[in-house]
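K.L.:
Order-wise, the sequence lines are chains A and B. Under my numbering, the first sequence is numbered contiguously, ending at residue 318. Under my numbering, the second sequence is numbered contiguously, ending at residue 250.
Wrong hints could be hidden among the right ones.
Claimed, not checked - Computed list of lysine-lysine pairs in DSSO-like fashion (alpha-carbon distance at most 27 angstroms, straight line): (1) B:Lys124 <-> A:Lys8; (2) B:Lys139 <-> A:Lys315; (3) B:Lys224 <-> B:Lys191.
To be verified - Have a look at the derived ranges for each label pair, beta carbon to beta carbon: (4) A:Pro305 <-> B:Met61: 44 to 50 angstroms; (5) B:Pro91 <-> A:Asn7: 18 to 24 angstroms; (6) A:Ala121 <-> B:Gln222: 44 to 50 angstroms; (7) B:Thr25 <-> A:Asn7: 54 to 60 angstroms.
Stated by the list, open to error - Take a look, some chain B residues computed to stay more than 10 angstroms from chain A by CB distance: (8) Ser23; (9) Val128; (10) Arg208.
Since the hints were made in silico from the structure, they are not lab data. Idealized CB from N, CA, C, for every residue including glycine.
The residues making up each chain are set out below.
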Amino acid sequence: MGAIDFNKRAANLLVWLLLGTMPYWMTAIGGYVELGSRAVVLGLGAMSLNFLLGYTGVLSFGHAAYFGLGAYGAGMMIRYVAPSTGLAIATGILVGTVAAAIIGPLIIRLRGVYFAMVTIAFGQVFYFIAFRWNAVTGGDDGLTGWTRLPIDLGFTQIDILHNPIAFYYLVLVLFAVAVGIMAFLLRSPFGRTLLAIRENERRARFLGIPVDRHIWISWIISCGFVSLAGALYALLNNFVDPRALYWTQSGDFVIMAVLGGMRSFWGPLLGAAIFVVLQDYLSSQTENWMSFLGLFFVLIVLFFPRGVLGIIRRKVTP
Amino acid sequence: MTLLRVEKVSKHFGSLIAVNDVSMTVEPGELRAVIGPNGAGKTTFFNLISGFLTPTFGRVMFDGEDVTQLLPARRVWRGIARTFQITEVFPELTIRENLRIAVEVASGYRLRVWQSQDADGEVKARVVDLLEMSGLTEKADRLVGELAHGDQRATEIMMALALKPRLLLLDEPTAGMGDQETYDITQLIRKLHRDQKLTIVLIEHDMRVVFHLADRIMVLDQGKFLAEGTPQDIAANEAVQAAYLGKAAA
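Based on the sequences and whatever the hints tell you, model everything.
P.N.:
In structure tokens, the structure reads:
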């Protein structure tokens, strides 16, 4: 037991150390800071999905809906209402979370494939709205004509627009808060009821856990954090387009989570990092980069169902 | 006062009548066995009591209140806990974690995101008690899925017990077990009944277990009530013998 605790702490330390120093080694290994920001933002999305998938045992194939709503919420706030990065992020989270809370009761009674299918369907509804509603969303061309804005702290300004390192640290701070909350929740009695549902829904029900209600809460938490990721994604790109809402984006999150290891807390982040780096590298080499990523994914799933982090873990713990 | 009163319940699945007009009353502190040949409707009858199914006709009264339409979780809150014929536990968690979840839920902490050191200490102490009572202490930190069937079953029973039930329903607690495991589980059930004065209703195929444990026995056959009485009554009952022998001969 002691050894496992020690390993966990060492892993946590390593993750935060790597994340905290990213801008300083990223360029040395041939990357660039925005790539790091992208990995952290999508990693947050995949970890949020995994709160539901890996820790509640519910597979959503429609998380892009809330990711995209967060992105559009943030972009439209700056574009149409108020030029404030903080307000944009808050709006993105609010829009995505409220949508999830409303849609939740309609879907939480479904299980397995049925749940996954209906989450896709709801995601596509938002996609088509964004795609068609040219006047407001910019349609297929996306929402343009806005940028993220410097953060005014009163005594000083942080120029996150022109300084990618400053923006990276803003992303990292919000990531840390979100991930910290998720870890805290998972270690609580409420978090353990989610594990119970994942492990055995029938037993959970007959322990007196109102399973549907707890899945609903977990769904809202998961979607809330994925909409934060969406808002940050919009700010990162200074742009939103309907692809952020498209079902393939949901698929990407699932791939990241499974690739990295959905039974490990940090697995999806690693999955997202691998995904982002491979995408960046392969797409500059070949247009068919997705098939190589797909092949890699299939191999991992076939031979290492616990994901990349699962392999590392098995090596570390005897 | 009667703890459980099942009033003329029936369960139809299409044209199949799995349980047909069965009534039963269980007094506090009683250990009741429900027996019958395969297909007698025992598990369906159990499911009607625990809320896994709702009856087509009839009522289930628990502690004087009608619980016929209540969802399983709500019946648990009122004090009805159960185990399943095929053991239902949390396989990728340790015994300790399995029990801890049960204790926390029973303590009303299921929605808590933070708990005080004191509350946490009480939960842990209760888990230790349950472990000792069941003799699982040495295996407490092993994953339940890796344990022998008998230990898994004991874990499930202790999880049900962690809920501090007023009525414990055990569906074939010794199914699929060897002699030693059957003996251990039987002793555990006997201890719960004797020491904690727990009211228990169990379905069981192993007649040694039934006659060793039960205060009273109810016999079902093809969904219908066949007989009820003390173990001696049932052993001497000709209709019961015919039901069992009839099956054996066929």
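K.L.:
It remains to establish, for every hint, whether it holds in the given structure.
P.N.:
Hint-by-hint comparison with the structure:
| no. | hint | verdict |
| --- | --- | --- |
| 1 | B:Lys124 <-> A:Lys8 | 22 angstroms, holds |
| 2 | B:Lys139 <-> A:Lys315 | 25 angstroms, holds |
| 3 | B:Lys224 <-> B:Lys191 | 31 angstroms, violated |
| 4 | A:Pro305 <-> B:Met61: 44 to 50 angstroms | 48 angstroms, holds |
| 5 | B:Pro91 <-> A:Asn7: 18 to 24 angstroms | 23 angstroms, holds |
| 6 | A:Ala121 <-> B:Gln222: 44 to 50 angstroms | 45 angstroms, holds |
| 7 | B:Thr25 <-> A:Asn7: 54 to 60 angstroms | 56 angstroms, holds |
| 8 | Ser23 | 24 angstroms, holds |
| 9 | Val128 | 16 angstroms, holds |
| 10 | Arg208 | 28 angstroms, holds |
When held up to the earlier numbered hints, the structure conflicts with hint 3 and nothing else.
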